[in-house]
Structure formats: structure tokens, C-alpha cells
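Engineer: Turn these sequences into a full structure, and let the hints guide you.
Next come the chains, spelled out residue by residue.
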Amino acid sequence: MREAALKESANEVRRMRKWKLSQIIGFVILLLVTITMLSPVWFMVTTSLKTTKEMLVFPPTLIPKVFAWGNFSELFTNTDIKFGQQYRNSLIVSIFTVIGTIISSSFVAFGFARYQARSSSFLFMLVLSTLMLPYPAIMIPQFLLFMNLGLHDSLLPLILPSFFGSAYMIFLLKQFFSTLPDELYNAGRIDGCSEFRLYWNLTLPLAGPALATVAIFSFIWSWNDLLTPVLYLDSQENFTLPVGMAAMLSSKFRLAPWNLLMAASILSVLPIMLLFAVAQKRFVEGIVLTGIK
Amino acid sequence: MNKKWMSITVSLVLVFTLLATACSNKEKNSGGSTAKEGGKGEQVTITHYTIDSPDRTFVEKLIPDFEAKHPNIKVKVTKAPYEQFDSKLQSSIAAKNAPDVTSHWGYGGFMEYYNKEMLLDLTPYLDGFSGSDYNIPEDVMNIYKVDGKTYGIPLNSYVTVMLYNKDLFDKAGLSYPPTDYEDKSWTFDKMVEYAQKMTVDSKNLEEAQYGVDFGFGERDQRPQYFGAHVYSDDTWSNGGKPSEINLTKLEVVDAYKTIYGLIYDKKISPTPAFSQTVSGQYGDPFLSGKIGMSVVGSWSLAAAADFSFNVGVAAVPYNPNGDVRSVLYVDPLFVLKDSKHPKEAMEWIKYLITTEIQEKSIELSGGNPPVNQAAAEKYYNNFEGIEPKGIQQVFDGAYKYGFESYNHLISNYSQINELFINELAGVENGDKQVENVLPDIEKKLKDLLARVNK
Numbered sequence: 000m001r002e003a004a005l006k007e008s009a010n011e012v013r014r015m016r017k018w019k020l021s022q023i024i025g026f027v028i029l030l031l032v033t034i035t036m037l038s039p040v041w042f043m044v045t046t047s048l049k050t051t052k053e054m055l056v057f058p059p060t061l062i063p064k065v066f067a068w069g070n071f072s073e074l075f076t077n078t079d080i081k082f083g084q085q086y087r088n089s090l091i092v093s094i095f096t097v098i099g100t101i102i103s104s105s106f107v108a109f110g111f112a113r114y115q116a117r118s119s120s121f122l123f124m125l126v127l128s129t130l131m132l133p134y135p136a137i138m139i140p141q142f143l144l145f146m147n148l149g150l151h152d153s154l155l156p157l158i159l160p161s162f163f164g165s166a167y168m169i170f171l172l173k174q175f176f177s178t179l180p181d182e183l184y185n186a187g188r189i190d191g192c193s194e195f196r197l198y199w200n201l202t203l204p205l206a207g208p209a210l211a212t213v214a215i216f217s218f219i220w221s222w223n224d225l226l227t228p229v230l231y232l233d234s235q236e237n238f239t240l241p242v243g244m245a246a247m248l249s250s251k252f253r254l255a256p257w258n259l260l261m262a263a264s265i266l267s268v269l270p271i272m273l274l275f276a277v278a279q280k281r282f283v284e285g286i287v288l289t290g291i292k
Numbered sequence: 000m001n002k003k004w005m006s007i008t009v010s011l012v013l014v015f016t017l018l019a020t021a022c023s024n025k026e027k028n029s030g031g032s033t034a035k036e037g038g039k040g041e042q043v044t045i046t047h048y049t050i051d052s053p054d055r056t057f058v059e060k061l062i063p064d065f066e067a068k069h070p071n072i073k074v075k076v077t078k079a080p081y082e083q084f085d086s087k088l089q090s091s092i093a094a095k096n097a098p099d100v101t102s103h104w105g106y107g108g109f110m111e112y113y114n115k116e117m118l119l120d121l122t123p124y125l126d127g128f129s130g131s132d133y134n135i136p137e138d139v140m141n142i143y144k145v146d147g148k149t150y151g152i153p154l155n156s157y158v159t160v161m162l163y164n165k166d167l168f169d170k171a172g173l174s175y176p177p178t179d180y181e182d183k184s185w186t187f188d189k190m191v192e193y194a195q196k197m198t199v200d201s202k203n204l205e206e207a208q209y210g211v212d213f214g215f216g217e218r219d220q221r222p223q224y225f226g227a228h229v230y231s232d233d234t235w236s237n238g239g240k241p242s243e244i245n246l247t248k249l250e251v252v253d254a255y256k257t258i259y260g261l262i263y264d265k266k267i268s269p270t271p272a273f274s275q276t277v278s279g280q281y282g283d284p285f286l287s288g289k290i291g292m293s294v295v296g297s298w299s300l301a302a303a304a305d306f307s308f309n310v311g312v313a314a315v316p317y318n319p320n321g322d323v324r325s326v327l328y329v330d331p332l333f334v335l336k337d338s339k340h341p342k343e344a345m346e347w348i349k350y351l352i353t354t355e356i357q358e359k360s361i362e363l364s365g366g367n368p369p370v371n372q373a374a375a376e377k378y379y380n381n382f383e384g385i386e387p388k389g390i391q392q393v394f395d396g397a398y399k400y401g402f403e404s405y406n407h408l409i410s411n412y413s414q415i416n417e418l419f420i421n422e423l424a425g426v427e428n429g430d431k432q433v434e435n436v437l438p439d440i441e442k443k444l445k446d447l448l449a450r451v452n453k
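Chains as they are written, first to last, in numbering that gives the first Met the number 0: chain A, 0 to 292; chain B, 0 to 453.
Just so you know, the hints here were simulated from the structure itself, not pulled from any lab data.
Hints should not be assumed to be uniformly reliable.
If you anchor each label on the Cβ, the simulated ranges turn out as follows [stated by the list, open to error]:
{"no.": "1", "chain 1": "B", "residue 1": "Pro387", "chain 2": "A", "residue 2": "Met272", "range": "46 to 56 Å"}
{"no.": "2", "chain 1": "B", "residue 1": "Gln275", "chain 2": "A", "residue 2": "Gly207", "range": "43 to 53 Å"}
{"no.": "3", "chain 1": "B", "residue 1": "Gly172", "chain 2": "A", "residue 2": "Gly25", "range": "48 to 58 Å"}
Virtual Cβ for every residue (Gly too), placed ideally from N, Cα, C.
Structural biologist: As C-alpha cells, this is what we get:
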């Protein structure tokens with residue numbers, strides 16, 4: 000009996016050892032993958048702290064010999080770059096785009112999810128079909144429209160379209176709204192809710208994860224968009240970050256200031272990282288619940 | 000809770016409306032020409048559209064002086080990053096919001112603009128204008144003439160030069176190459192011989208270094224150095240539309256074999272993989288200090304002060320078979336067809352090519368080569384550590400043995416260039432042989448030309 004117990008506990012120890020070994024291998028693999036994934040970030044950070052001369056050295060130094068912290072302040076003091084102003088413009092555009100997308104897309108998605116009209120599926124297909132239109136196809140007509148409205152060279156052409164719904168976000172939100180039970184709405188109606196309050200007080204508070212997903216996606220798309228601002232913005236004081244950063248690479252006649260560009264990249268990913276950190280839990284839930292990645 | 004959300008939304012909408020009105024009330028006629036009644040006669044605004052990089056946007060610093068001298072003209076500079084230059088220009092033209100003055104600073108070239116009828120014939124506005132008044136050589140002025148009509152006024156003239164890494168030359172115990180184009184002892188074979196002495200062809204990137212990077216013009220122009228011509232001669236007289244393609248002719252095939260042989264037979268030139276590793280996708284591997292000699296556009300000189308090694312400039316070697324030793328890149332200024340103020344636009348262009356402004360531009364741009372030869376002296380003195388006399392000799396020789404870049408002369412060049420880049424990638428990576436690829440390119444190029452030059 001005792002022997003059997005001892006044997007069992009020895010087996011246990013062996014299993015634990017075995018498990019530990021596999022755990023170690025797992026850790027090593029994960030560590031390697033992490034290093035591989037983080038190495039571009041490492042190069043971004045180190046390059047941002049290098050002097051122009053050190054930036055050109057090959058093989059590249061892993062840690063800068065002299066830490067050129069001045070690269071970061073140069074972004075804000077160099078009058079040719081105007082980084083601060085571009086940052087502010089990008090924030091204005093992205094924040095209002097998020098607000099516009101959330102308000103308009105959730106409204107339309109609520110309609111599609113909750114009301115069954117005879118042609119609603121046809122209309123929904125029509126909305127989805129706009130996903131197939133590439134931006135270059137609508138670029139010139141939209142440009143003409145905003146020119147005629149006198150909005151050219153302002154931030155409005157970058158923000159306004161988001162207030163008219165985004166097919167992708169409508170689809171995403173409709174998927175989520177459709178999962179909410181009818182009983183909930185019936186209960187609301189019995190308690191005297193108007194249709195708008197069903198949307199505002201019932202649907203939106205329950206749709207946190209989906210709304211977080213929409214917010215993150217629309218923020219990232221708007222934050223990274225280069226072509227639209229290039230087309231609409233003429234004055235440097237209106238430029239957004241991607242336009243300014245692409246301009247740093249523009250000159251074939253001189254060295255690209257990679258160190259400044261990397262410093263700018265670090266600062267430009269901060270809002271996205273912040274947004275993701277705040278909304279991460281809901282974002283993941285949103286992806287799981289809506290089945291959209 | 001509900002009230003709170005409602006009030007947040009209402010406030011946001013209000014703020015947004017305020018912002019919207021604030022933004023849209025700005026100057027509405029932001030692009031293209033505008034005119035408004037001034038106190039004394041009409042004041043007009045012309046738009047100068049350029050790449051958003053310091054060596055181009057420096058013109059903004061010249062505007063106050065110009066406007067003081069021309070009180071009835073205001074100049075507005077609009078800009079776009081290099082990659083988006085063409086898309087912004089095309090959409091502005093489509094929206095009838097075209098700039099007045101610009102150049103072919105994107106992917107497209109002069110002939111492409113000309114054939115798309117984007118350019119204004121400047122001849123009626125050239126009353127009393129002569130290139131010689133601005134010290135522009137006659138043949139340079141002629142580059143942008145078609146059927147006797149002037150469509151562009153030259154602004155900067157870049158040439159092809161050879162840059163060399165003095166440190167690698169010293170290490171290999173080699174004497175520096177000459178700056179004199181008449182020195183016929185400096186031949187292509189001699190360059191190869193020098194390159195062989197400097198090359199360390201190794202898989203270890205730290206040890207590897209190569210003798211020469213032969214970046215003479217774009218891929219379709221490179222055979223010209225060897226006396227072989229990809230396009231028939233009528234291309235240069237009929238609006239940049241070649242009637243024949245000679246890619247399968249023996250001398251063209253041999254020229255390409257020699258060029259790519261530098262990488263894979265002689266192993267003295269870097270592979271694209273090596274170049275990308277040491278300098279990124281669009282970078283110049285010469286900057287890494289691991290290339291002995293680089294045949295390259297003279298714009299690379301502007302960065303000379305930032306190199307981490309000593310650099311020299313030399314003549315592109317003599318080749319007994321060819322008489323073209325330098326690709327010239329003369330950047331002009333155009334007035335676009337939709338301009339409402341071509342006369343004022345011409346005033347701005349004339350201002351930019353005066354000796355005083357061309358000299359000032361060298362300094363402000365960081366080293367743009369002036370087309371006005373009276374300002375050239377200042378340009379030659381602009382590069383720290385490089386003998387001005389040497390640069391002058393190289394430029395003189397390059398003009399004498401130069402040929403204008405194909406991308407300025409051939410119609411629909413961006414598509415042609417893309418075809419060459421894509422199709423020759425296999426050869427450049429060492430996967431395919433020149434003789435197998437060229438017939439394919441010839442066929443595709445003929446199809447392309449038949450389609451675009453209809």
C-alpha cells in the first residue's frame with residue numbers, strides 16, 4: 000500500500016518535472032518569438048536616439064554610443080517640421096472621426112438589426128456593396144464635392160464622411176446588435192421606452208465591447224490615413240502626422256533623417272497604444288462577440 | 000447618467016459645428032489662381048506646387064522678396080510628399096484647381112505631362128526672353144521645346160557623377176580616379192580592375208564590401224553608356240514615342256550582360272539584397288561606407304557632409320563603344336494649361352532663374368545645382384571636403400558627354416519604368432538570365448506602347 004503510494008508520488012514528481020521541461024521549452028520559444036517581434040521596436044527606439052553620423056554606421060549599433068535626446072525636442076523646435084501642430088491636427092481629425100463613426104454607424108446598424116422592412120436585407124446588401132468601392136474610385140468626385148462646398152484645405156473633408164456611416168462599422172455593429180434578445184426590447188417597450196430610448200438607453204450601454212472595437216478601428220484608420228489629407232490639405236498648418244512624416248522621406252537629394260523619423264514614429268504610436276491599453280479588454284470581447292477580426 | 004450622455008453628445012456636436020464653421024471660413028480659394036480687386040489694379044495669386052522636402056520648399060523663403068518686387072503678384076506654395084505628388088496633381092487638375100507653376104517632380108516626366116496636354120505653350124509669354132540673358136546654354140533651353148514651342152524653363156541641372164569612398168581607396172592602396180573627362184586612361188575596364196581590388200565578396204555582412212555600384216540612369220537608359228540604344232532614334236523627335244524597341248539586338252543584350260555581370264560574374268557590385276540590408280529599401284548603399292565607387296545622380300553630393308567617411312567626386316569612366324557618359328537631369332518649371340495667370344507665373348519663373356536668386360537657392364536648398372551658369376561657381380564651392388575645381392571639371396565633362404534622362408523625354412515613362420523594374424528584378428536577384436528576360440520585356444513593352452500611345 001505504502002509502496003504504491005510512494006510509486007504514485009514518484010510518478011507525480013516525474014510528471015511535474017516533465018511538465019516543467021515542456022514549460023521551459025515553451026518559455027524559450029515564447030521568448031524567441033517575443034524578441035523577434037520586439038526587435039523592430041528596439042531598432043525604432045535606438046535609432047531615434049542616434050546622431051546622424053551613428054545612424055549611418057553599418058552594422059548598426061545596438062545601443063547608441065551617445066544618446067541624442069535632442070532628436071525629440073528637435074521635432075518640436077524645428078520650424079520646417081512643425082510636428083506639434085501636425086500632432087494636434089491628427090488628434091482633432093481622429094477624435095472627431097471616432098465620434099462621427101460611432102454615432103452614425105451605430106444608428107444605422109440599430110435600424111438594420113431591430114427593424115424588419117420588406118427590403119431591409121436588400122438595403123443592407125447595398126450598404127455592404129459600398130465596401131467594394133476602392134477609395135481611388137471615389138477620390139475625384141468626393142474631391143470635387145468638397146471643393147464646391149468650399150471646404151478644401153480644411154480638416155473637414157477628413158472628418159465629415161465619418162458622420163455619414165461606415166459600411167464596415169455598420170456591419171460590425173449590426174452583428175452585435177442582432178445578438179441582443181428581443182425580450183429586452185419588449186420589456187423596454189412595456190416600460191414606455193420610445194424607439195430612440197431603446198437605442199440610446201438599452202442598446203448603446205450594452206454594446207460597450209462593439210463600440211470599443213469601432214472606436215479603435217476608426218481611430219487607427221483615421222490616424223494612419225495619408226492619401227486623403229494629402230489630397231485635401233494645401234497649407235502646412237493643416238497637415239496631419241502621416242503627411243508630415245512622409246515629407247521627411249520625400250527628398251531624394253539628401254539623407255532621410257531616420258533618427259527624427261523614428262522619434263516621430265514613437266510619439267505617433269503613443270495614442271494608439273494608450274487607446275488600446277484602455278480599451279483592450281472590451282476590444283478583445285468585441286472581436287470575440289462579433290466574430291470580426 | 001442619461002442626461003450626462005445627452006449633454007456630452009450635445010456639447011460635442013456644438014463644438015464640432017463651431018470647428019466646422021471656423022475651418023470653412025478660411026480663405027476658400029486656396030488652390031489655383033485667384034484674383035481680387037486691390038486698391039491699385041488687380042492683385043493675383045499664383046500657386047507653386049512642389050515636393051514637401053527642404054530642398055524644394057525653400058522657395059517659400061524667396062516669396063517676400065519677390066512679392067515686394069511684384070506688388071500685384073502673390074505666390075502660394077502647395078506641397079505633397081514625393082510618393083503622393085502625382086495623385087495630388089491629377090486630382091487638382093480634375094477638380095479645376097490646378098496649380099500655376101510646377102515641375103515633373105513625381106514619377107511622371109515632361110513628355111507624359113506634354114502628351115496629357117497638361118502644359119501651357121509658353122512661347123507667347125516669352126516676349127524678349129532669351130536663355131542667354133539668364134546664362135542658360137542654348138542646348139539646355141532646347142530640352143523642353145517641342146516643334147519650336149517652349150513648354151518648360153530649366154531651373155536646376157543635375158548630372159551623373161562618380162562618387163568614391165576615399166577611405167576604401169586608401170586602404171586598397173589605389174590612386175584616386177580623375178575628374179577630367181578627357182583623361183582616356185580612366186576606362187570602364189580600369190574601373191572594374193579597381194573595383195576588384197576593393198571587393199570583399201563575403202556572406203558575412205560585416206566583412207563584405209563591393210568595388211562599384213553602377214547606377215547609370217534608369218534601367219532602360221543604362222545600355223546607352225555602352226553605345227547600345229533600347230529605343231529607336233525617332234523617339235527624340237516625335238514626342239517621346241519610340242517606333243522600335245531594340246531589346247533583342249546583340250549590342251543591347253551584351254550591354255545588359257556587362258551591367259549585371261558586375262554583380263554575378265565579376266562579383267564586384269552589391270546584390271539588391273545586400274543593398275537593402277545595409278541601406279533599407281530605397282536607400283543608397285554607398286552611404287554605408289561599404290561601396291568603393293558609385294555612379295549616381297549628383298544629388299547625392301548634397302549629403303556629402305553627412306557621410307561617415309571621406310568622399311571624392313570623379314568622372315564617369317570612358318567607354319570606347321559609347322559617347323554618352325552622363326545622364327543629365329534638367330529640372331524645368333512648367334506653367335499648367337489651366338493657369339489663369341500665365342504672365343504672372345512667367346514672372347515668378349524668370350525671378351527664380353536670375354543669377355542672384357539661383358545663388359541664394361544653392362544655399363537655401365542645401366546644394367541644388369543652378370541652371371544659370373553664372374551661379375555655378377558658387378555651387379562648386381558648396382561641398383565641404385571636395386575640391387571645387389574637381390567638381391567643376393566633372394560637371395563640365397558631364398555636360399559635354401551627357402544625354403538628357405529618358406524619364407524626361409519618353410511618353411508614359413512611369414509605366415515603362417515600372418515594367419523594366421518588375422521584369423528585370425529576376426535578373427538583378429540572380430534568378431534569371433538577361434538573354435531570357437529581354438525578349439519578354441520587348442514583347443510587353445511593345446504591347447504597352449501600342450496601348451498607351453494610341
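Engineer: Confirm or reject each hint.
Structural biologist: To see whether the hints hold, each was checked on the structure:
For the pair B/Pro387 and A/Met272, the supplied restraint of 46 to 56 Å holds, since their beta-carbon distance comes to about 50 Å. Look at B/Gln275 against A/Gly207: about 45 Å separates their beta carbons, and that is inside 43 to 53 Å. The hinted range of 48 to 58 Å is satisfied by B/Gly172 and A/Gly25, whose Cβ atoms lie roughly 56 Å apart.
Going through the hint list in order, the structure satisfies each hint without exception.
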